[in-house]
Structure formats: C-alpha cells, structure tokens
Amino acid sequence: MDWNVVLAALRDFFAASDGQALLIALVDLNQASRGGAAVPFNTPAADDLEFAFNRLFVGPGPVSAPPYASVYLDPDRRLMGAATRRAAAVYDALGLSSPLSGSLPDDHLALELDAALAFRTLAARRQDDQVDALWRYFLHDHMAHWLPKFAAAVAGAADVAPAIGFAVGLLSQWLAEETKSTPPNVDQSGGLA
Amino acid sequence: MNKQLGFYVDAKRCIGCFTCAMACKNQYHQEPGVVWRQVYPLKQDIYPHAERAFYSLACNHCEHPTCLEVCPVDAYTKRDKDGVVVHHQDLCIGCGNCIRSCPFGAPRYNPVLKRAEKCSLCWQRLDAGLDPACVKSCPTSALMLIDLATFDTPDAVQFPPGFPRAPALNPSTRFRQAELPRTVMREDVR
Amino acid sequence: MSQRMTRQDLERILDNAVSRRSFLSGLLAGGAMAALPCGLLRPHPAQAAQVWEGGYQTFRNACPRNCYDTCSIVSYVKDGVLQFVEGAPESTFTRGGLCVKGNSYVRQVYSPDRIKYPMEQQGRGSGRWKRLSWDEAMDKIARKILDIKERDGSLLGLGLTKYSGNFGITNYGVEGMMSSLGYTTRLVGTPCWPAGIDAQNFDMGSMWCNDPEDLPRARYVIVWGANPAWCSVHSMKYLYAAREAGAKLVVIDPVFTQTAAKADEYIQVRAGEDGALGLGMARHILDLGLLDRDWLAAHAQGFEEFAAYLRDTVTLEWASEKSGVPIERIKAIAEEFAGAHPATIWIGYGMQRHVNGGAAVRILDALVAMTGNIGKPGGGARYGHLQTWGFNYHALLQKQPEGSKGWIGTAGPKGEFDVTGSAGKVTYSDRSLNINKTAQMILETSDPPIRMLWVACKNVLSQDFDRRKMLMAFDKLEMVVVADLFFNQTVEQADIVLPVTTPFEDWTVNASYWHYWLSLNEQAIAPLHEAKSDIQIAAALSKRMNELQPGSCTFATELDSKDWMIREFNKGIYDMFGLTSWEDLRNGPRKARLASSASWADGVFGTPSKKYEFHSDLCARNGHDALPRYKDARPPYDKLRLLTPHHKFALHSQFQNLDWMVDFNLTPCVYMHPKTAAARGIAEGDAVRVFNKQGEVRLAARLTADVPADTLLLYEAWYKGLAFNCQELVDDTSSDMGAYKTGAPGVAIHDQFADVART
Numbered sequence: 002m003d004w005n006v007v008l009a010a011l012r013d014f015f016a017a018s019d020g021q022a023l024l025i026a027l028v029d030l031n032q033a034s035r036g037g038a039a040v041p042f043n044t045p046a047a048d049d050l051e052f053a054f055n056r057l058f059v060g061p062g063p064v065s066a067p068p069y070a071s072v073y074l075d076p077d078r079r080l081m082g083a084a085t086r087r088a089a090a091v092y093d094a095l096g097l098s099s100p101l102s103g104s105l106p107d108d109h110l111a112l113e114l115d116a117a118l119a120f121r122t123l124a125a126r127r128q129d130d131q132v133d134a135l136w137r138y139f140l141h142d143h144m145a146h147w148l149p150k151f152a153a154a155v156a157g158a159a160d161v162a163p164a165i166g167f168a169v170g171l172l173s174q175w176l177a178e179e180t181k182s183t184p185p186n187v188d189q190s191g192g193l194a
Numbered sequence: 223m224n225k226q227l228g229f230y231v232d233a234k235r236c237i238g239c240f241t242c243a244m245a246c247k248n249q250y251h252q253e254p255g256v257v258w259r260q261v262y263p264l265k266q267d268i269y270p271h272a273e274r275a276f277y278s279l280a281c282n283h284c285e286h287p288t289c290l291e292v293c294p295v296d297a298y299t300k301r302d303k304d305g306v307v308v309h310h311q312d313l314c315i316g317c318g319n320c321i322r323s324c325p326f327g328a329p330r331y332n333p334v335l336k337r338a339e340k341c342s343l344c345w346q347r348l349d350a351g352l353d354p355a356c357v358k359s360c361p362t363s364a365l366m367l368i369d370l371a372t373f374d375t376p377d378a379v380q381f382p383p384g385f386p387r388a389p390a391l392n393p394s395t396r397f398r399q400a401e402l403p404r405t406v407m408r409e410d411v412r
Numbered sequence: 046m047s048q049r050m051t052r053q054d055l056e057r058i059l060d061n062a063v064s065r066r067s068f069l070s071g072l073l074a075g076g077a078m079a080a081l082p083c084g085l086l087r088p089h090p091a092q093a094a095q096v097w098e099g100g101y102q103t104f105r106n107a108c109p110r111n112c113y114d115t116c117s118i119v120s121y122v123k124d125g126v127l128q129f130v131e132g133a134p135e136s137t138f139t140r141g142g143l144c145v146k147g148n149s150y151v152r153q154v155y156s157p158d159r160i161k162y163p164m165e166q167q168g169r170g171s172g173r174w175k176r177l178s179w180d181e182a183m184d185k186i187a188r189k190i191l192d193i194k195e196r197d198g199s200l201l202g203l204g205l206t207k208y209s210g211n212f213g214i215t216n217y218g219v220e221g222m223m224s225s226l227g228y229t230t231r232l233v234g235t236p237c238w239p240a241g242i243d244a245q246n247f248d249m250g251s252m253w254c255n256d257p258e259d260l261p262r263a264r265y266v267i268v269w270g271a272n273p274a275w276c277s278v279h280s281m282k283y284l285y286a287a288r289e290a291g292a293k294l295v296v297i298d299p300v301f302t303q304t305a306a307k308a309d310e311y312i313q314v315r316a317g318e319d320g321a322l323g324l325g326m327a328r329h330i331l332d333l334g335l336l337d338r339d340w341l342a343a344h345a346q347g348f349e350e351f352a353a354y355l356r357d358t359v360t361l362e363w364a365s366e367k368s369g370v371p372i373e374r375i376k377a378i379a380e381e382f383a384g385a386h387p388a389t390i391w392i393g394y395g396m397q398r399h400v401n402g403g404a405a406v407r408i409l410d411a412l413v414a415m416t417g418n419i420g421k422p423g424g425g426a427r428y429g430h431l432q433t434w435g436f437n438y439h440a441l442l443q444k445q446p447e448g449s450k451g452w453i454g455t456a457g458p459k460g461e462f463d464v465t466g467s468a469g470k471v472t473y474s475d476r477s478l479n480i481n482k483t484a485q486m487i488l489e490t491s492d493p494p495i496r497m498l499w500v501a502c503k504n505v506l507s508q509d510f511d512r513r514k515m516l517m518a519f520d521k522l523e524m525v526v527v528a529d530l531f532f533n534q535t536v537e538q539a540d541i542v543l544p545v546t547t548p549f550e551d552w553t554v555n556a557s558y559w560h561y562w563l564s565l566n567e568q569a570i571a572p573l574h575e576a577k578s579d580i581q582i583a584a585a586l587s588k589r590m591n592e593l594q595p596g597s598c599t600f601a602t603e604l605d606s607k608d609w610m611i612r613e614f615n616k617g618i619y620d621m622f623g624l625t626s627w628e629d630l631r632n633g634p635r636k637a638r639l640a641s642s643a644s645w646a647d648g649v650f651g652t653p654s655k656k657y658e659f660h661s662d663l664c665a666r667n668g669h670d671a672l673p674r675y676k677d678a679r680p681p682y683d684k685l686r687l688l689t690p691h692h693k694f695a696l697h698s699q700f701q702n703l704d705w706m707v708d709f710n711l712t713p714c715v716y717m718h719p720k721t722a723a724a725r726g727i728a729e730g731d732a733v734r735v736f737n738k739q740g741e742v743r744l745a746a747r748l749t750a751d752v753p754a755d756t757l758l759l760y761e762a763w764y765k766g767l768a769f770n771c772q773e774l775v776d777d778t779s780s781d782m783g784a785y786k787t788g789a790p791g792v793a794i795h796d797q798f799a800d801v802a803r804t
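Chains as they are written, first to last, in the working numbering: chain A, 2 to 194; chain B, 223 to 412; chain C, 46 to 804.
Honestly, the hints are just simulated from the structure, not real lab data.
Idealized CB from N, CA, C, for every residue including glycine.
The reader is advised that the hints may include incorrect statements.
Said to hold, decoys possible - If the Cβ cut is set under 10 Å, some of the chain A residues that face chain C in the computed set are:
1) 20
2) 24
3) 61
4) 64
5) 76
6) 95
7) 99
8) 130
9) 167
10) 170
As the list claims (entries may be wrong) - Here are some, though not all, of the chain B residues that point toward chain A, as calculated from beta-carbon distances under 7 Å:
11) 251
12) 253
13) 334
14) 335
Whenever a hint applies, use it, and build me the whole structure from the sequences.
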C-alpha cells in the first residue's frame, strides 16, 4: 500500500466540504487500499455520505468526534488549546503554515495529515536528523496520542456510515504501521518516549 | 504571627452567584467535572431558606495541612513567606492520599490527567501583585483575601455551622455568617 | 550526526519562535523543501510567524447580552488565543469582575459545539445537514428573497425576528439589512419591559432612571419584583452600601428570592397584585399627609384627581385582601417609605409581566412621585434608561432600494430602541407585527403571508411563547434562516444556519440601559471557523443580491467592521462621555458626565404638560386609564400560578449550554411549597410533570417554603441536549401596555397557571 497516496486521500476526505469531494477521496482510498487489509464498502450516495460526515465531524450540532487534536489532548476538551499551538509550532519549524491559522484550528486532522505527508517526504529524502527527530515527535507524541481517541469516539458514535468507518479504519491502520516502522525519540530518562 | 494568607468568606454579603467558581475555571480551564472552588448552599437546618445562603470554598491553606503530611512524593509545599499551600502538579503521582485525608474535600481527582489538584491560591498572581482570580471577580466583595496575622474582623469565625470542624489542621479560612430578613408572608395562603 | 533528541528537548525548541526555525536552515540549504506534496499547508517566509512570546495582549470588550450590568471586559490574548477574561477595573460599576456567565466566555468561544460553517438542512428537523460555502448560502438566500419579491411585488413576505442575544450597536445592522432589501415584515416590540416603558412615558415622558451608583444615598430602598442578586449582581454592592449607611432595604416579591435574603424585610405579595399593594400604601400616605405638597404643586398635574380616587376607592382592607399583605405592614412600609428622604423603588421587569403590569408601574411611579422622590439623587422610580444610546445608528439606518413597495398605512415604533422616527403616516413602510405573538402572527398574517423568516439574536423555539403554536407556525414558513452560535431548538428547525461571531471576534460599541458607562468592543481574536458578525453577513448578502439583481440591496457589499463601529460615534456621544475620540475607550470604559445622578433633577418632564402626569391624557388615548387606577389581575385558568423567571446561571439561551456551566447547574427543576407537594403525593426529587392547557414539561421537583403554596416556580433557559422548554406552558396573552413606545404590548409571562403531578 502506498501510504502517501492513502494519507493524501485521507487528508482530502477530512478536508472535504461536500459529498462529491468526500466520494472522490473515498474512491482514492479504496483504490489505494486494494491489496491491503481494508474492508471494501459500497459507495454511498454523495448526500447521505455528507449528512453522515457532518453529523459525526462538523455539525451544526455538537458532534461525537470533533477532528481536532486539542479536543482529545487538552484536558478541558476545547479548541485552540495547547495541542493546537504545538501543531502550529511544528508546521512553523518546517517553514509551513496553514493559511487559515487562527480561524481553522491548526490541529485539524486534515492539516496534520498534510504535515505527515511533508514529514514522510522529507524523511525519504534522508536530509536531516533534526527533522527526523521532529517527525518522530509529531508522530509519537502528538498524532499517536489523539488519533486512537478520535477513532474510539467514531467507533462509539451511533449510526456510523460504513464508508466513514472504512476511512477511519485506514487512518488507524496507517498510524499503527507508521509508529511501528518509525521508532520514537528517547525521553529524558533514557527510555523510549 | 507569620503572614498566613487565607480566604474570608462573608456569607452575609455572598449572593451565591458562582462568579468566583467560574472565575477559577476561566483562569485555569479545568476539565469538565474538576472544580477547585465550589459554592455550597447551606442546608436548611443552618439557614432556613434553601439555596439562599452559601459558603464558597476552595482550599483552606491550613497551618497543618494534612495533604502535605500524607503526600508520599512531596507534591505539596507550604510557602514560608505567606503560608500558601501549593500543589505541584508535575510531581503528583495520583495516589489519592490527599483526597482521602482532607476533611474539606479541597484536593480533587482529575480523571483525565490521573492526579490530584487543588486551589493553590493563585500563587503566580499573588507573586505578580494581583489578587486571586476568584477574589478579584466577586461582585459583592464577599470573598476576600486576608492575612491572619493582621485580620481582626470581630464577628468572623473559623468553624461556622456546616463547615467541617478540624481544629488540628487549623484552616486559614474565616467566615461571617449569613443573616435573615424579617419575613412577612401572605395572609391569604399559608 | 547529531545526538538523538528527547521529547523534552524538542518541546523546548518548539515552544520558542526563534529556536524552532533552526530546523529550517538545514532543510533550505539542501533544497529539501522543494515540491512537498502538501495540499493545505503553505510555505511562509521566516518573518511571517505571528507569535507573542511571554506576555499577553489585552483588549477591551463588552458583554452585549442585555442584562442590566453590560460589563466592561478586559480580554487576555496570547498567541492569538483568548486565554481568560476579567472585568475592567476602570468602571466603578463592573469593578474588575464579571459574573458566572461572563467568566465562562472563553468556553463559549472555544467550545467544540460552536456552529462552524453555513449549513443547510435537507428537510426541516431531519438532522440531515449539508455544508454550504458562504457564497452558496448567500446565493440560496438571495434567490429566495428575489423569488418573494417577484411573487408578491414586495418583500413583506420576508420577516425578521431579533431581540436580545446581542445588543452591540452595530448589530442593528440586521435591521439595517432588512431595510436595505426593501419593506419587510418586522416582529416588533419586546418581551422584556414594554409595559413599564409605556407607563413611565405616560407618567414622566420618558423611561429615565437615576444612576444606579447613587443608590448608596438612598435612605429607603424597595426592590419590587426584581432580583438583582441574580440579574444585576454588580448592583448589589450599592444596595449593601445603602444599608451600611443606614438605609432600610425592603424586597417585595411573590417568592423569597436571593435578593430577599439580603434585605432587612421581605414582603411576600400575591403575584399580579402589586398595584393593589401600592395603592394601599398610597392611600395611607395620603391619609397621614406624608406627601411632598410643594413638589406636587410645582411639578405634577392631576394629583388631586388621583387623591380623590384613593379616598373613594382604595382602602387598606381591600389592598390587604388583594395583595395578601397584612394591613399593619402596608401601613408600616408606607410610613417608612414616605418618611425617608430620599426613598427609591427599583421597579423590576418581572413585576410588569402581567396583564395589569403597566398599570402597576404607574402606581409605583405615583408612590415615588407623591412622596417627592423624583429628581433626587438616591431617589427615583428606577426602571431603566436610554440616555446613553444616542449613537448614529449608521448600521441600522439603511435605505430601501428605489421603487420598493411595502405596507401602506400608519407605522409605529419598532421597539424600544427604534430611532428611525418612522412613527406616523408614510407612503410605504415595513409591516409591523407583535413579536410577543410571533406564532399567531405567522399563522394568521396574509396578503402576503410571511414566507421567509430571518432569526438573529433570538432562540425563538425556546424563548417565544406557546411553543406548540410556534411549531405550527414554522410549518407554514417556506424558508427559515437562523444566525447563531450554537445548535439550539431554533437551529433544529432552520433551513439554513449561519455561524456568528462572539463579541471577541469583531468590533462594536456597547451602552447599558441601567448604568451610565460606555464600552468599546475591540476585535481580540480572528473569527473562529467561518463565523461572521451580523453586519458582515449583511454585506455578504448584499453582494450576492446585487450580483443577481443590480440595485436590489443598498447595504454595503464590503465593509470594515471597525470603520462601522467608528461611524456610530457622534458629537453627542463624545460630549456626553468627555471623549476626544473613540480611541479614548481603548484605555477603558467611560462614564457619562451627568449634571446630576438623578433623572428629572430639574423637574421638567417630557410629558405634554412638562409635568409629572398623575392624570395622563396620552395614556387614556392609548386605551388605558388616565389615572394610575387599579386594574384587575388575570383570573387563573388552572390550579396553581406558574412563574418562569430568569435563572442566575443563564441569560435566556446563552451560557447554560456550556459544559463549564453544567458543572454548577445540572438540570432544570420545578419548585413548590411542601403543602402543594404533599397534596399531590410528591416528594423531594420526584419526577413530575407540570401541565396546563398549553402543554406539559417533565422535570424534577424541589420543595421549598420560599414559594407560596399556590405557586409553581421554574426557570426559563435553554439546556443543551435537553428537551426542557418552559414555553410549552406559557401562552401569549398580552400585558396591558407596551404598544405606545415599543410598537406592541408586552406579554403576561407571569400570569400563567398550571398543575403538577407525579409521573
């Protein structure tokens, strides 16, 4: 499985603002995961998928699985928390930023997946130990802390559309494999962080 | 007597508005369910009108704090300069000894971070010359910061009815009790 | 090869804006940054990072939520994020602290529950929501508006209901938006205080209270049907100061409120019979000659007629029988009140939410006037004022497009804050309907019917009366657009929802209807998600309207909110507050320079006679009694009286929904006397239903003798995720007054009746 393609499709999925964009991303995901362990799904109607997606992630009512790190990492379940600042700092360290920073919280899943893509590309180019260390931090000490809780929130929600379950499942699968293949930094005590 | 800071809870002026409780949340953003300052309505055997008299309670910054005495990792210290009992969040291991031993219920369990936490009298604000957040916010001056070394309000008490009586700890909170109006009830319905 | 870095090392580097750029140097040198596959993140130059290290930025804000206190706020922002709020120390009224609601503002701003994007519901109430871009949303709305115009030849089919969710002055841009589209239907009036406003206008020519900061000068204070301990916490310190200086504080209320607990004397009065009690006091004062005859001679008209009415019709026995107050106390309070100089009455809004509310306010005004307490510092008949609201109303005052057709006939005021001067005969006007009968108005209005409703600053389905009728009314509407912060019971029934900003996310200016301070509201942070302020929404709509049909909307298609805030200022405001520029307010709120803390200090009233009018022809011409005579209360239509006043934990639909508030106030309850409960086999905490001809509500029972045995008490508020809605029990019966000054009568919210039973 080409995880870069999967990550880009997941990013597009969670950044999607309408059913069409969701379907396109879903098709990409389906193709990219062929041959992987992902469970195939029946392509839903665009509208139904959009309703389900909004109910779970967007609103306008309170949602079961807000796709922002700070909701899971900051103790008070908020937006624009410490975790958001950390994500923005990580992007900034790469000379990157979100054009909607301040309005769209920097720790939105789509942005973090975009950053993951950047890190993987940089790692593949084997350029810089410091950047590698930063990636391992972002992966293990940030993404790996909240994505499982996010996935659990999705799993615990009522009536999750199979297509969404599929996408989140792929996300979890990627995380599991990535954290295995990319070892973490040490922590100060000398053990693994 | 050395400087010993504490809270003066003036239940006569207090209107139970919860501004102090929310001022603390506004300052520290504790997660849902974790409350450092709570406003307790007095039971009707103490004040005959339900939910009309209150004690606003956080930590009592005792002279002999039991939390400090039972803590296995020294996550509590009592400041020499002003007697504030500070909880050091980073040292706490969440053993629960302090939660179990404090008769006032000041330390609370944080289930997300899995450790205890409590009011530390906004010591960072104190050191910057500011009032604690709760005191600053009170609209009726019912919650005040006092120094027991100089505090001498005559009708203030240490253990008013309804407040746990723990003289060995010597809590630093002082209270004035709520008063009752004359009440004139309707004659047509009793 | 560098040492492996620990997590702690990395966090230390990341937290510093300078050090974290160290990562880049290696990357840039090696050209590694070329062609990253990012679709969202962009490269930016090194200097572009906006980080504030160490200290906070502070901003000036104000709470626009329409409580008496309109607090001046100082906001602390770090890294572009609002960290906490405090009260402004410069305002002697706010005095550095907010309230339980204001202190939860940070939670309101950053709650994950906030509405983020414009969305469209496919099937009202279905829960099937699609996201819209702002362009799409404005397009759909604009097309509907043009469709209505096409079908009806006017925009009378477009209705607006808006009230107290946000009283920042530029928020009147919503009304301005409506005007800029054409002549529309407006739900006018106010559920809040209209009967009393009319009463004070008839008596004195205007609603104009003393500066509340002069309360410590009173020697006698009656808080009558108001509960400042819950609804104006900042006023309590002045009541305490009055007491400390020797004043007696009396609270008169149907229930033992928190304010009652702080008084010298609490008098329980039968709800709706405040007028009888007041007249009994007046009769006694007259009998004992405790009047200020000099003042009456110089400044009042019609007193002798009123005195004759008192002698002929009012007895202490009657007053006691009606109000439930013992004769001895009526006499004692009357004597004390009349013998104290100055004495004052704080007339509460709850007191006038009755079918005889306006009449009751006239009676209380009369008590204050006949004892010579009008125009005295520390005295006065305190209700509210609009003295500090003399802005330009630039956002509000927009012109209809050329050739707009509308309602033909006389127009009235659109509300208590209406400065359009549209009263009187005009060629075309907006169609004004009673906001307090919104459901009825929507159902029965035709030629044309209300086809589309714009809802702003209001949670109609939770706060308007007769909920069952309201749901039927909504069924009739072709399109419902709701601008709001959270998914409340009205958003549930919307077709399109538009996310709005909190006060911290855009500019405006705020005044108070109680104190005399003026507050700037700066933009402290960027709007979250895609939220827009009401005037930005108006501009966006205007842009799309004009693209589809040039000239169809005169509202600016682009605007700078800060500029529009500045445009509200004028010489009158500058002079009143001693400002050289609006920028002075950046240093803190300012108080109006008052010739006297007392209203009507010069004894020249705004009435036709320029005197205080016990006899008011204007009042009679408006369909009421010329004198402040007794008016009958509403006969009960069920076994127990039902009161639904405000709770301390919420401002109507705002704040109770936040999880911080849930920590302190979990669930709605109904309060009843132990006797009432015993008669129905109800124990403390039992699940009960409160029911009447309107509907029913299910909640938990609480027993207290603070509520009389003939009364049920439950608090109005919207709770997130709960079906609780007190409007299931409240009908839309009007109060007597309100139409004169606010365009529609008020509503007798506290003249409701119900029974209760265990479930």
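>> Could you work out which of the previously given hints the structure breaks and list their numbers from low to high?
In response: Hints 2, 5, 9 and 10 contradicted; others consistent.
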